[in-house]
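**Q** Now for the letters of each chain:
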Amino acid sequence: MIEFLSALDQILSIGHLTYLITGVLVGLVVGIIPGLGGIAGMSLLLPFLYGMEPSVGLGMLMGLVAVIPTGDTFTSVLMGIPGSSSSQATVMDGFPLAKKGQAARALSAAFLSSMIGGVVGAIVLSVFILVARPVVLAFSSAELFMLTLLGLSVVAALSGGNLYKGLAACGFGLLVGTIGGAPATGEFRFTLDIDYLYDGIPLVIVGLGIFALPEIVSLLVKDTAIASSKNTLGHGLGQGFKDVFANLPLVGKSSVFGSLIGAIPGLGGSVVDWMTYSFALNSSKDTSQFGKGEIRGVIAPESANNACASGSMIPTILFGVPGSGSAAVFLGGMLLLGIQPGVSMISTHLDLTYTIIWSLAMANILGAIFCICFTRPISLLTYIKFSILTPIILTLILFAAYQATRSLGDFILLGVVASLGIMMKGANWPRPAFLIGFVLSSGAENYFFQSIQFYGASWFTRPGVIIIAALIVIGFVLPPVLKKRKQAKLADASDAEKAVAPAEEKQTLSFADLAIVGIFAICGGYALFDVWDMAKLTKSFPIIAIAIVLFSVVMVIFKAVREKHQMVAAELTPNLVYIAGFFGIAYGYYLFGFICTTFVFSLVFLRLIAKASYLKSSTIAVCLVIFLVTLGRVMHVDYPEGMFDLYLLDAIRLIV
Amino acid sequence: MKKLSTLLGASLLSFSCLVAAPIQAEETQVPSTVNWTIPFGVGGGTDVWARFIAPHLTKNLDGNPTVVIKNQPGGGSITGTNLFYKRAKDNGQDILGTSASTLFPFMLGDKRVRYNFDKWIPLMASPTGGVVYVQPNLGVSSAADINKLDGVTLPFGSQGPTRLELPVLIAFQMLGLDVKPVFGMKSRGAGRLAFERGEAKIDFQTSSAYLNSVVDLVKNDKAVPLFSLGVLNKEGKVVRDPAFPELPTFQEVYFQKFGKEPSGEAYDAYSKFLAAGFAFQKVIFIPADAPTDVIAAYRKGIHAMLKDPTFIKESAVQVGPYTNVEGIHAAQHLSEALNISPDLYKWVAQWLKTKFDYTL
Chain X
1 MIEFLSALDQ
11 ILSIGHLTYL
21 ITGVLVGLVV
31 GIIPGLGGIA
41 GMSLLLPFLY
51 GMEPSVGLGM
61 LMGLVAVIPT
71 GDTFTSVLMG
81 IPGSSSSQAT
91 VMDGFPLAKK
101 GQAARALSAA
111 FLSSMIGGVV
121 GAIVLSVFIL
131 VARPVVLAFS
141 SAELFMLTLL
151 GLSVVAALSG
161 GNLYKGLAAC
171 GFGLLVGTIG
181 GAPATGEFRF
191 TLDIDYLYDG
201 IPLVIVGLGI
211 FALPEIVSLL
221 VKDTAIASSK
231 NTLGHGLGQG
241 FKDVFANLPL
251 VGKSSVFGSL
261 IGAIPGLGGS
271 VVDWMTYSFA
281 LNSSKDTSQF
291 GKGEIRGVIA
301 PESANNACAS
311 GSMIPTILFG
321 VPGSGSAAVF
331 LGGMLLLGIQ
341 PGVSMISTHL
351 DLTYTIIWSL
361 AMANILGAIF
371 CICFTRPISL
381 LTYIKFSILT
391 PIILTLILFA
401 AYQATRSLGD
411 FILLGVVASL
421 GIMMKGANWP
431 RPAFLIGFVL
441 SSGAENYFFQ
451 SIQFYGASWF
461 TRPGVIIIAA
471 LIVIGFVLPP
481 VLKKRKQAKL
491 ADASDAEKAV
501 APAEEKQTLS
511 FADLAIVGIF
521 AICGGYALFD
531 VWDMAKLTKS
541 FPIIAIAIVL
551 FSVVMVIFKA
561 VREKHQMVAA
571 ELTPNLVYIA
581 GFFGIAYGYY
591 LFGFICTTFV
601 FSLVFLRLIA
611 KASYLKSSTI
621 AVCLVIFLVT
631 LGRVMHVDYP
641 EGMFDLYLLD
651 AIRLIV
Chain V
1 MKKLSTLLGA
11 SLLSFSCLVA
21 APIQAEETQV
31 PSTVNWTIPF
41 GVGGGTDVWA
51 RFIAPHLTKN
61 LDGNPTVVIK
71 NQPGGGSITG
81 TNLFYKRAKD
91 NGQDILGTSA
101 STLFPFMLGD
111 KRVRYNFDKW
121 IPLMASPTGG
131 VVYVQPNLGV
141 SSAADINKLD
151 GVTLPFGSQG
161 PTRLELPVLI
171 AFQMLGLDVK
181 PVFGMKSRGA
191 GRLAFERGEA
201 KIDFQTSSAY
211 LNSVVDLVKN
221 DKAVPLFSLG
231 VLNKEGKVVR
241 DPAFPELPTF
251 QEVYFQKFGK
261 EPSGEAYDAY
271 SKFLAAGFAF
281 QKVIFIPADA
291 PTDVIAAYRK
301 GIHAMLKDPT
311 FIKESAVQVG
321 PYTNVEGIHA
331 AQHLSEALNI
341 SPDLYKWVAQ
351 WLKTKFDYTL
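For the protein sequence lines, the chains are X and V, in the order given.
Quick note: the first sequence uses the UniProt record's numbering, first residue 1, plus one each step.
Quick note: the second sequence uses the UniProt record's numbering, first residue 1, plus one each step.
These are computed hints drawn from the structure, not numbers from a lab.
All values reported here derive from a predicted model rather than from experimental measurement.
Heads up, a few of these hints could be off.
Said to hold, decoys possible - Reference listing, derived: stretches of chain V covered by chain X, where coverage requires no fewer than 3 residues with Cβ under 8 Å from a Cβ of chain X:
{"#": "1", "stretch": "39-45"}
{"#": "2", "stretch": "72-78"}
{"#": "3", "stretch": "132-140"}
{"#": "4", "stretch": "159-173"}
{"#": "5", "stretch": "178-184"}
{"#": "6", "stretch": "209-216"}
Claimed, not checked - Partial list, derived from the structure: chain X residues whose beta carbon lies under 10 Å from chain V:
{"#": "7", "residue": "182"}
{"#": "8", "residue": "195"}
{"#": "9", "residue": "534"}
{"#": "10", "residue": "559"}
{"#": "11", "residue": "560"}
{"#": "12", "residue": "618"}
Glycine included, every Cβ here is placed at the ideal spot set by N, Cα and C.
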């Protein structure tokens, strides 16, 4: 208790607060710029970090790590670009809200729930950390496998009425996730002998390709402002707060759930947002607005992702095993400060541990306040004609993608995933299902084999496993089924009364459906052929994924043949043309140099296609260059140099 | 608009300060900015090692150059090392820090490896040791009881058959232990977690991880140390690890169990991979084409650093009480360790295939 209060006293000192705020500001910047994670922020703070008083240094690092899931909400809501992997679910409803002109509402609700989530996480952390050791140790590979299943079960709720489409997408995600080394043997699968694929596909690329690019392309095709309908809620800030207070139980549940999932090493924060999203979906009476701009769909994941960042400190501090990407960064920082994580953190260094926790709570509050201050001016961006924003957004996306592995492969893969994303969006296939399958693939495979090897067949009799299995059924699988039944009953009743033909929701079928089915089937078939001769442990899991894909594809086709469908045109041709253009431009960015191409492309695009004035076009282009060069200098971020960038940089040096 | 122009002005100003700074004349000395490529992510073992050394390098090199650490993760260090091989400037501006996972794929002939150690000179190598320990409920209180482990299946959380654990897996086999590796651990730390959960019955950690995380377990009777991997002395012989003088080496335990010194192809393979993975675990390389006087300046600086009492003191805390190898010695020992005869390669390939169904 004394440590608890003395730590509070310490972080309230001016010196400590200054560094904490520095950390928070860097964390916000890093969070706002998509693709930059804690690592980039670390590189900025490192020069200060070395030789710093540990408690101050940890405060600064905590400030950085804690607010990344707060800042990343901006691009998720305003542009549909998931700022980092923990805010992918926010895009689902946040971006539609922005399109309705309610960006400020979505943002303020998101920031307030982030703040509450972070503080709840800190509270959970301060109590839980003293007793967490045995709890964390109770989660063996078997329980972790069940947790991945819990994550996968969310697909049922997110499939939007067509379970087979959801299953097929999820299975395909699982399959794509197996590209690279097999965890159980180290053998490589589906690499096509391309170096890039040996490491597997980066999550950033999949997130950007499946969500961000398709949205951008469809906005470009329409060419209006993002907020296409008029906002009827004033500036919406207050409305956002009201929304959060009206949904406090959801915020509380999501926060606690988020911090507990974060506490378990190995699962990571990239699914907790989806799990709480489906939580919100299942517990809402009216689900019709989800995916179209339902504020609960923003509140739940945003409460959870900050809480999760807090929770992931538990395994980091207690075991030195990071619970998430940013926790890994924090761990590195601890080591640099000369602090060894482990039991000593609650025996001899309890004061330091509480400093971390207080800093965490403080950073969450400060971060949310800073963000709320900027919400109104920044949300006005959504009223600008979209084509003006295009070069900025495209540069941001390419920038984010290139940070994944820094090779041309990032751009190519982004285009490929985006093509799939566009087709899935056009034909109304559940994109989150694909993403969830992808994210959980390696965990599911790894923990499955580990639990079998450690426990043999007896693993599923472990009490933890049974409890989680029950949770899956009660929490995620049952509600959608019950709901469907209820709806069916209601529909029957109303049918009987009104005798209206049930043609209201006619299934549609388009070329894109056929293309997706074809792609899934061909990839599945090829994968099966490729993996067939490999060692048993290498091929088992991909074969399960392939089975899911092929089975679901057959069922989708079966359904399409049996039920009446309306054949519709896909109208994807313009979108796909844009994607072809994207490939060309991305290659230009790589070939000629990132900064040069940014400048030339922005200028040309804005002047000729967006019809902006010369002044406007050149100002935006110059600002983008300044932004990129500054980022490169300050955070040691690398760009493709291409043919001309070195000369450009030299020229800039000569001028200024 | 006025606000905007102020902002623009401010950013232009700060921007010009940023780009103007690093221009300086070239000379035959170590350049004023040294880019140190670390083919791993921030916060990993090699990164922390490099960040610990970087300020000492700055201090001891002539002209006190700024040492910038460039992390280029991917492919378990293969990606970054490939890029360094292709792109590094040979004016002494670029140096590389490697780890066991850079050397092993090279020795095993991994397809993705495009680098070759002929083009680089090692400036310094940092050794580490490692300790094998088991669960206390096996009835073993030290290596003297190792016979009690005969016939007991010992699950072991491992990253993969060709990772840092490779020589340790060979050692287990030579000792006749029935170790069942469970692959797919994300790190050695994850393997330790499996041990703490009781899933793994045997585990192994490198020195610093052992000192930081396992010593406490031993104190609380939650782990029993068996043996250390030992360290190579100047003559290239394995002796007890100075960090764990009370623990016998693998060789001692082998002698105790079988009454003879270890030998044969398995032992040759063990020795090679032990040297590459542990005796030269972290190496600083410089392109061999760098000007001779620049290389000499680096050598002088590193020599001074290794003699610097503050470095020695801090290094003992950070990495363990090991003597860093420098200059000619590093080059000689390293090339010996990396040089695998075709027969030995065949043995390793065969062993990986039959034991783990892993095809090289």
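**Q** Now tell me, hint by hint, if it's right for this structure.
**A** Verification of the supplied hints:
Only residues whose beta carbon comes within less than 8 Å of a beta carbon in chain X count, and the stretch 39-45 of chain V has 4; three or more means the coverage holds. Counting residues of the stretch 72-78 of chain V whose C-beta sits closer than 8 Å to any C-beta of chain X gives 3, which meets the bar of three, so the coverage hint holds. Counting residues of the stretch 132-140 of chain V whose C-beta sits closer than 8 Å to any C-beta of chain X gives 0, which falls short of three, so the coverage hint is violated. Counting residues of the stretch 159-173 of chain V whose CB lies closer than 8 Å to any CB of chain X gives 4, so the stated coverage by that chain holds, three being the minimum.
With a cut-off of 8 Å between beta carbons, the stretch 178-184 of chain V has 4 residues touching chain X; three or more are needed, and the interface restraint holds. Counting residues of the stretch 209-216 of chain V whose C-beta lies closer than 8 Å to any C-beta of chain X gives 3; at least three are required, and the coverage claim holds. Because the beta carbon of residue 182 of chain X sits about 8 Å from the nearest beta carbon in chain V, less than 10 Å, this interface hint is met. With its C-beta approaching chain V no nearer than about 6 Å, residue 195 of chain X sits inside the 10 Å limit, and its interface hint holds.
Below 10 Å, beta-carbon pairs count as interface contacts, and residue 534 of chain X has one with chain V at about 9 Å; its hint therefore holds. Contact between residue 559 of chain X and chain V, as hinted, is not supported at the beta carbon level, the nearest pair being about 37 Å apart and thus beyond 10 Å. Checking residue 560 of chain X against chain V: minimum C-beta separation of about 39 Å lies over 10 Å; hint violated. Look at residue 618 of chain X: its Cβ only gets to about 12 Å from chain V, farther than 10 Å, so that hint breaks.
Going through the hint list in order, the structure does not satisfy hints 3, 10, 11 and 12.
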